[in-house]
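Participant: Chain by chain, the residues run as shown.
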Amino acid sequence: MSTGTFVLKNALRNKRRAGLCILSVAVSLFLFVTLLVALREITIPPEDVGAASRIIVRNKISLGTLLPARQRAVLERLPGVAAVTPFTWYGGKFRDEDATLFGQFAVDPLKLPVLLPEARVPPEQWAAFFKDRRACLVGKIVADQYHFQLGDRLPFTGTIWPCDLELRVAGIYEGTLDDRNVFFHHDYLNEAVGELNQVGTWWVKARSLDQMAEVVAEINHAFANTAAEVRAETERAFQMSMISMWGNIRILVRSICSVVVFTLVLVSASTMNMAVRERFRELAVLKALGFRRRQLFAFILAESFGLALAGALVGVGGAWFFYSHVSIARLTQGIFITFEVTPRILGQAWLIAVGLGIGASIAPAVAVARMSVVEGLKTLD
Amino acid sequence: MADTPMVVIRNLSKVYRQGDLDVVALNRISLQIDSGEFLALMGPSGSGKSTLLHIIAGVDRPTGGECRVQGIEVTRLNESALADWRNQNVGFVFQSFNLIPVLTAYENVELPLLLTGLNRRRRRQQVNRALELVGLADRSRHLPRQLSGGQEQRVAIARALVTDPALIVADEPTGNLDSRSAHEALGILQSLSRQSGKTVILVTHDPKAAAFGTRTIHLEKGELT
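Read top to bottom, the protein sequences are chains E and L.
Throughout the first sequence, residue numbering follows my numbering, covering 1 to 381 in sequence.
Throughout the second sequence, residue numbering follows my numbering, covering 1 to 225 in sequence.
One should not assume that every hint holds.
Claimed, not checked - If you anchor each label on the Cβ, the simulated ranges turn out as follows:
no.	chain 1	residue 1	chain 2	residue 2	range
1	L	Gly187	E	Gly355	51 to 59 Å
2	L	Leu118	E	Gly355	35 to 43 Å
3	L	Gly71	E	Asn273	20 to 28 Å
4	L	His218	E	Ala363	39 to 47 Å
5	E	Ala363	L	Gln32	38 to 46 Å
6	L	Leu143	E	Val374	22 to 30 Å
7	E	Ile256	L	Arg17	27 to 35 Å
If you are wondering where the hints come from, they were derived from the structure by calculation, not from laboratory data.
Ideal placement from N, C-alpha and C gives every residue a C-beta, glycine not left out.
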């Protein structure tokens, strides 16, 4: 018999309790990983190169206040500006859906390839998109979810704008951070609303990353003291300000994570306490036989560690396997796209498991260290 | 009986403090136990015989006096040194056997050897020898619950002698056994003393058990009578 065998036999002496403890650790860590991954996904800023050179221009009053279409000419004349497109959220309901989960944006189709260089679209589909003012480009996730084919007609009912639209699928794009949108001609929106002459926001592409700060400053300066002052910022900054609106969600999710971890510590500590308490007498016998305090502590620690790490293997490993092999985008109908279990999140979960293994063994180990052999031998079985 | 004393005790006292009350368990006891002696320690409940046994075996500490075992003042050893000393020099036999229920008879006997640094082959030799000595070589793979009380106590005796200690302490080892099993267990202890020269200290209430010893001493209210 080795020391490892001895520890293993002790850990599994009450198989049901050990199993339930492992299961509770596994479920809690699975939940923990899920929450962190979800939090990351809803708060992650765009990191692609395309996003780095894009500038979002919105009305200084609020995102909901429109901008005059005449600003475009001014923007295009600014040095350092490579391309400009209106970017207006339509926000319609698709067919008879109560809530449509993908966005529809009116843009300048000819500028979209410049503004969105990471989007992969076959050339003939770009061409079809440019040619027909009722054409649209659909993100691959949405196309897959709704089984859209090229040529399909998509009816939308306006909820913000007083007009309904019917778009024809001219192409399907993929490769962007968010392949869940539908892009269509801004001219079509203008026509449907009737001389709109306004846009939601402008998307501006800078000629180079070096000129970003300069271009942002120029845009803000160009419309200062006008009837429609703007707030220009990089796409990353824009996304971060949107993310800041999730502030309470972040606190909420982190609070839930803390509660999960705290509960986990209580459950594990309680299990280890029970496991050790019921064999206090045996531990006293081991002491009498010559086992030192640190050896008994090592036994308890190894047992606690074993249970916590077995739970982590099932829970964290299970979460990684599940989210790596199951299409979360399909499962959540496109609410979450990548749902990536990053090494950082895995590391955090394993760290908690390690902490749990140590934390749960401290109280029983201290009790055993303090216990005298004589006291321990008097303990009832 | 050898000439060298195994245990030399001088003015040994043990006082328990219970609230404001001092309870004297041992009152300035002096005693000598020779090597190879089989000493029966008798006395009524609360007389201090188990306390005396625990101090000699190094699992309890006195409040006064000296206790030398094989010339070593065990009361002055620190916790770690005392643990090592117990492992090498003392074999324990308890009333309720105290075997580890998830380990087989073989593994229970092997347990003290895990601390010795012996390799697996040497450990196997010693464990088998100990189990043969108590007549349980054929039960080595059995768990304690698959053994009778008498067999469990014989496994416990095998565990006590597997490290070849000079001193074996037995605290009412026959208390949970029927008369036949008790007779067998005491016979083994007696032969360990007679044939292997082990010093055996037996705490018992039972005069029949004490009769197996070479000497009997009585304790009452913490004093030798």
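Participant: Now, for every hint given, state plainly whether the structure supports it.
Facilitator: Consistency of the hints with the structure:
For the hinted restraint 51 to 59 Å between L/Gly187 and E/Gly355, the CB-CB distance of approximately 54 Å keeps it satisfied. At about 37 Å, the beta-carbon gap between L/Leu118 and E/Gly355 stays in the expected band of 35 to 43 Å. Between L/Gly71 and E/Asn273 the C-beta distance comes to about 42 Å, which lies outside the given range of 20 to 28 Å. For L/His218 and E/Ala363, the hinted distance range of 39 to 47 Å is satisfied, since their beta carbons lie about 44 Å from each other.
Checked against the hint of 38 to 46 Å, the C-beta distance between E/Ala363 and L/Gln32 comes to roughly 44 Å, which is consistent with it. Between L/Leu143 and E/Val374 the Cβ separation comes to about 27 Å, which falls inside the hinted range of 22 to 30 Å. A hinted range of 27 to 35 Å is violated for the C-beta pair E/Ile256 and L/Arg17, which are about 50 Å apart.
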